[in-house]
Amino acid sequence: MTLASSLQALSITLTHCAKTWPDGSRALEPLNLEVRAGETLALLGPSGCGKTTLLRMICGLEKTDAGGTIRFGSDDVTRTAPEARGVGVVFQGYALFPNMNVAQNIGYGLKIRGVDSVTRHRRVTEMLELVELEALAERRIDQLSGGQRQRVALARAIAIEPRVLLLDEPLTALDARLRQQLRVDLSALLKKLGITCVIVTHDQEEAMMLGDRVAVMSAGRLEQLGNPEMLYRQPASNFVADFLGTLCHLRGGPVKHHHGVDSLTFRPHEVQLQAPGHGLAASIRARFYLGSHVRFELVLDDGQPFTALAGPDAPWQPGDSVSITLNQTHAA
Amino acid sequence: MTHSRFDTRLGLTITLVVTAFLIGPVLLSVTAGLTKNYFVGLSSGLTLDWVTQVWDLYADTIWRSYGVALATLATTTLIGVPAAWVLTLFPGRLSRLLEELLTLPVAVPGLATALALIVSWGSVGWLRSSVLFIVIGHVLFTLPFMVRAVRAGMQGADLVVLDEAAATLGASRRQRFFDIIVPAARSGIVTGALTVVTLSIGEFNLTWLLHTPLTKTLPVGLADSYASMRLEVASAYTLVFLLMLLPLMVGLQWFAARTTRTGSITLGAST
Chain A
1 MTLASSLQAL
11 SITLTHCAKT
21 WPDGSRALEP
31 LNLEVRAGET
41 LALLGPSGCG
51 KTTLLRMICG
61 LEKTDAGGTI
71 RFGSDDVTRT
81 APEARGVGVV
91 FQGYALFPNM
101 NVAQNIGYGL
111 KIRGVDSVTR
121 HRRVTEMLEL
131 VELEALAERR
141 IDQLSGGQRQ
151 RVALARAIAI
161 EPRVLLLDEP
171 LTALDARLRQ
181 QLRVDLSALL
191 KKLGITCVIV
201 THDQEEAMML
211 GDRVAVMSAG
221 RLEQLGNPEM
231 LYRQPASNFV
241 ADFLGTLCHL
251 RGGPVKHHHG
261 VDSLTFRPHE
271 VQLQAPGHGL
281 AASIRARFYL
291 GSHVRFELVL
301 DDGQPFTALA
311 GPDAPWQPGD
321 SVSITLNQTH
331 AA
Chain B
1 MTHSRFDTRL
11 GLTITLVVTA
21 FLIGPVLLSV
31 TAGLTKNYFV
41 GLSSGLTLDW
51 VTQVWDLYAD
61 TIWRSYGVAL
71 ATLATTTLIG
81 VPAAWVLTLF
91 PGRLSRLLEE
101 LLTLPVAVPG
111 LATALALIVS
121 WGSVGWLRSS
131 VLFIVIGHVL
141 FTLPFMVRAV
151 RAGMQGADLV
161 VLDEAAATLG
171 ASRRQRFFDI
181 IVPAARSGIV
191 TGALTVVTLS
201 IGEFNLTWLL
211 HTPLTKTLPV
221 GLADSYASMR
231 LEVASAYTLV
241 FLLMLLPLMV
251 GLQWFAARTT
261 RTGSITLGAS
271 T
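If you're matching them up, the sequences are chains A and B in order.
By my numbering, the letter at position 17 of the first sequence is numbered 17, and the numbering carries on one by one without gaps.
By my numbering, the letter at position 271 of the second sequence is numbered 271, and the numbering carries on one by one without gaps.
One or more of the hints may lead you astray.
[Stated by the list, open to error] With beta-carbon atoms standing in for the labels, derived distance ranges: (1) S47(A) / L22(B): 48 to 54 Å; (2) W254(B) / R140(A): 49 to 55 Å; (3) P25(B) / E138(A): 49 to 55 Å; (4) L57(B) / R139(A): 53 to 59 Å; (5) R295(A) / R9(B): 34 to 40 Å; (6) F90(B) / S47(A): 52 to 58 Å; (7) E29(A) / W254(B): 54 to 60 Å.
[Unchecked claim] Rough simulated footprint, nothing fancy, chain A against chain B, three-plus residues with beta-carbon under 8 Å: (8) 150 to 161; (9) 245 to 257.
[Unchecked claim] Partner residues are not named here, just some residues of chain A that face chain B (Cβ under 8 Å, in silico): (10) P82; (11) E83; (12) V89; (13) F97; (14) P98; (15) Y108; (16) I112; (17) G114; (18) V115; (19) R163.
Since the hints were derived computationally from the structure, they do not count as laboratory data.
Ideal Cβ placement from N, Cα and C applies to all residues, glycine included.
Okay, chain B solo, but in the shape it has when bound (with noise of 0.2 Å):
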């Protein structure tokens, strides 16, 4: 199918200003964190001071974000891989129940969830103090969208057939879910991952109640910016969330991209 020449430019058009629409307050954000004093304008001069300050204020709150994603990262995979797989293998009304209740934490606020954890756990003091619980917050938020992701990728491969091929050639099940299923859900588990990733960074419902003074993360730093320092530094703040976050995103789409090119990735089979 051709389009004529007014179709592509209305169509650029719509898409520079949806983008403009998107990307111009973050840009706006920027720029005041690189600009000596926002309220003079670009005419007061260029600074990484701003980014420098931040940096020393909240280095450790940046290092702990990408601890706390990959964290979730590693759980939810190790969970919700299986999870989805079981989903796919055994469909019918209990599935569908079990994917429902994985599903309310997401439709639930995070506040709400945060507190159900606290009043659960709080009393565990080393829990309670620990980066961990703002891990498991994380995770019970994040797993409904790597279980989804996975089992939408694990239907659309027909799976259950090829589970079945490697269980008439003497695979046991364990076999068969390390040698089959996972290579051939990869482009899913990358889909599921990203997302996790994107939320665990950005998420900041839930930590704001379940941090500590000790355990801030970088959104939670972020809001401490807006409301303790000058629009200068919290601006700085949001550079450094988008410096930090751009490599990941770009990085994990390739590798989706990539999946999704070659189909899936060999994984240690051999002849």
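With the rest of the complex left out, here is chain A (with noise of 0.2 Å):
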């Protein structure tokens, strides 16, 4: 039997979960969240928000406030330590033990179950293909590169066949370029293990690539759940809206003549560029060519600021005068 089959789905439920530290400071109010058996759930926020918390709390490395319970499906696992979990954590750094190489790391929490060596031996084998590592079983941590070592980790973590996984910014150490593909290659694997898995990451294209559904936390409240698309569309708060891509708001006398409402809101890539005289007159302010398309910051006559994409032909200069028009079934 593969680790792929051998592995359980469990729903993570977490009721009434608050954390307050000893000064007195609340890290997390009071939440409830469920995370269904087999789902990927990203959650998603700016630094300080509580994600890292809630997930620290969810391995038992926090305790939550007196009246929270956590459960792994009917498993009540509150006051149970982190080594008794059965959870698969990839840490930010990665946190591998630098005095072991890239097998003795994927196996330390067999050998530390006492599972036998040539079982241990076969996990590790089977592990190192599933993370496409068997050339480097034997080399030292410090040798290995950043997307190696992200490999190592979830290898590790995934190896002692967790009942949950979770994963506390695994892509943000690594260039942007790597970054993009590992996700890629995460998500499949996570599809492949079908382990009910939470991500906590404060990129939102990270967020919304990996995650079936989407946690999206200010200052330790949930502010929004929901999947990728709904939250992007169907943004509950300004926040939300903001924290899921530019987000631009316009309002005054020439919005009111042109749209007849009083106020905008709107993406970059709902506007659209035109030749002056057809729309709100605005000038361009400075150009991005980014490859795909190019990135203009633009102001109303009245000294509003918003931004546009267009395509990577888009003629106009810093200095030129366009007028705008936007797709009204997503302008709110």
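Got two chains here, each in a separate frame; can you build the complex from them with the hints?
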């Protein structure tokens, strides 16, 4: 039986979970959250919003305030020590053991569980194949690249057949190009494993690519929970809308005159730039060529700034006057 | 960054001058220990008689010093490494207070610490006359050096996160300590060990009060020879002291360098 087929999928249920630090400050307001069995939930929010604290509570490294409960399926693990919870965790800096090589790191959790050496060797080999690092089994940790370390950390977490998998900013330490590739790989791997997974990230694109659902957090509160498309199209608050991509706001006389509303809220890709005289008048303040598209920073005649995206051939330059129209379906 | 030839030469000259200033008196003393008559000078001839005489008179103090240093090292390692880990795991006001208390024997003159030990335990006859009494004094004096060195190593290696990672993999506190923490903190432990051994072998203040005629250590014997023997014998004693200390120092330095170069070395970990 392969590991992928032996992993079970359990729901994670948090009820009235809050976290207060000894100095009285609140890291997490009382929160109810269910991660469905087999789904990947992305916890998304800015630094200090409580997402890592929530992850640490799920794996037992932080205790929830009195009254909170955490269940894996029907098993109440609120008071269970981290070593007995059966969670696989990938830490932000990977936390690989420097005194062990790649194979030893992956096999450590099995070794301390008393798994015999033959089974252990087989499982480590399977894990190395899963993360495509067969050739690096004997390599020291300090000889690995960032991407390879991330894979070893993932293999180590999965090798113990965890009940749930928790990833704390798993791609943050990597450069942009590698991050993009590993997002795709990680997404495919999680689908293949079918394990219940919680990913903490502050990267909106990462959350939307990896999460079946995304929980947006701010200042210790859960702002909104839903699938990526729903969150993007129907944000419950300006914070959620803003965090899931650039959001522009325009108001005042010209807006009322051209669109018949007091204010407009829209995303940059919903703006269409045209030659002057076809809509709301604006001028280009800055132009950034980004390969697949051009990002323009603009201002209305009354000085209100906003952003627009256009195709790579967009001709306008800083100082040019343009007029804008909006895709009314999405303008709020 | 490149250095000019002048900078290199200046740096080398300063280093050589400082080294000569530090080593010069020791070399003179060693020469005296190998000279037939120091007051006549090298023209009187070279001899190993004084070294032989020192060995005949004080061999027991040399072995005793080794024994005391190793016992001190073992004790400070057994106490200091877990203590450093606890202080690292639970940083806070209480930890800082404990660390300051631990450092107290270093700040207090050795004679005062020795006196306190005699007042506290001097009435326990077997202990007072035992070399164990000196080991206790040395442990009190050297423990802070071990704790600080190990703690610095632990903080640098971010061991708290490694400990948490091992916990989520199912390792008990004891397993985490021996499988992860000790190997990862190895360079700090080696640095601490180096300091403890050198301090213990050269310790005189405490030992001078704590020793009995049957529990003399090398530095006490050295003082004894300075007070009661010819200058050549005392100098030969310095030579013996250096011969004894140098291999130990070089060995520990080599081990420390090797540990630093290879990161930490695997201790009993296998797949």
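Range hint compliance [Cβ, L57(B) to R139(A), 53 to 59 Å] | This hint holds: roughly 57 Å between Cβ atoms.
Mind checking the hinted window 54 to 60 Å against the Cβ distance between E29(A) and W254(B)?
-> Holds, since E29(A) and W254(B) (Cβ atoms, about 56 Å apart) stay within the stated range.
Agreement of hint V115(A) with chain B interface, Cβ distance less than 8 Å | 10 Å, violated
Would you say the C-beta atoms of W254(B) and R140(A) sit inside 49 to 55 Å of each other?
-> Given a distance of about 21 Å, which is not inside 49 to 55 Å, the answer is violated.
Evaluation of the interface hint that places Y108(A) against chain B, nearest CB under 8 Å | 6 Å, holds
Does F97(A) pass the interface check with chain B, least Cβ-Cβ distance below 8 Å?
-> Because about 6 Å separates F97(A) from the closest Cβ in chain B, which is inside the 8 Å limit, the hint holds.
Hint status (Cβ of V89(A) to nearest Cβ of chain B, threshold 8 Å) = Holds, because the Cβ-Cβ distance from V89(A) to chain B comes to roughly 4 Å (cut-off 8 Å).
For the hint on P82(A), just tell me whether its beta-carbon gets within less than 8 Å of chain B.
-> OK, holds: P82(A) within 8 Å of chain B, min 5 Å.
Can the hint on E83(A) be confirmed by a CB-to-CB distance to chain B that is less than 8 Å?
-> Holds: closest Cβ of chain B sits about 5 Å from E83(A), inside 8 Å.
R163(A) as chain B interface residue, shortest Cβ-Cβ below 8 Å = 12 Å, violated
Measuring from the C-beta of P98(A) to each C-beta in chain B, is the shortest one below 8 Å?
-> At 5 Å from the nearest chain B Cβ, P98(A) passes the 8 Å test, so the hint holds.
Go ahead and decide if the range 34 to 40 Å is satisfied by the Cβ distance of R295(A) to R9(B).
-> 57 Å, violated
When held up to the earlier numbered hints, the structure conflicts with 2, 5, 6, 9, 17, 18 and 19 and fits the remainder.
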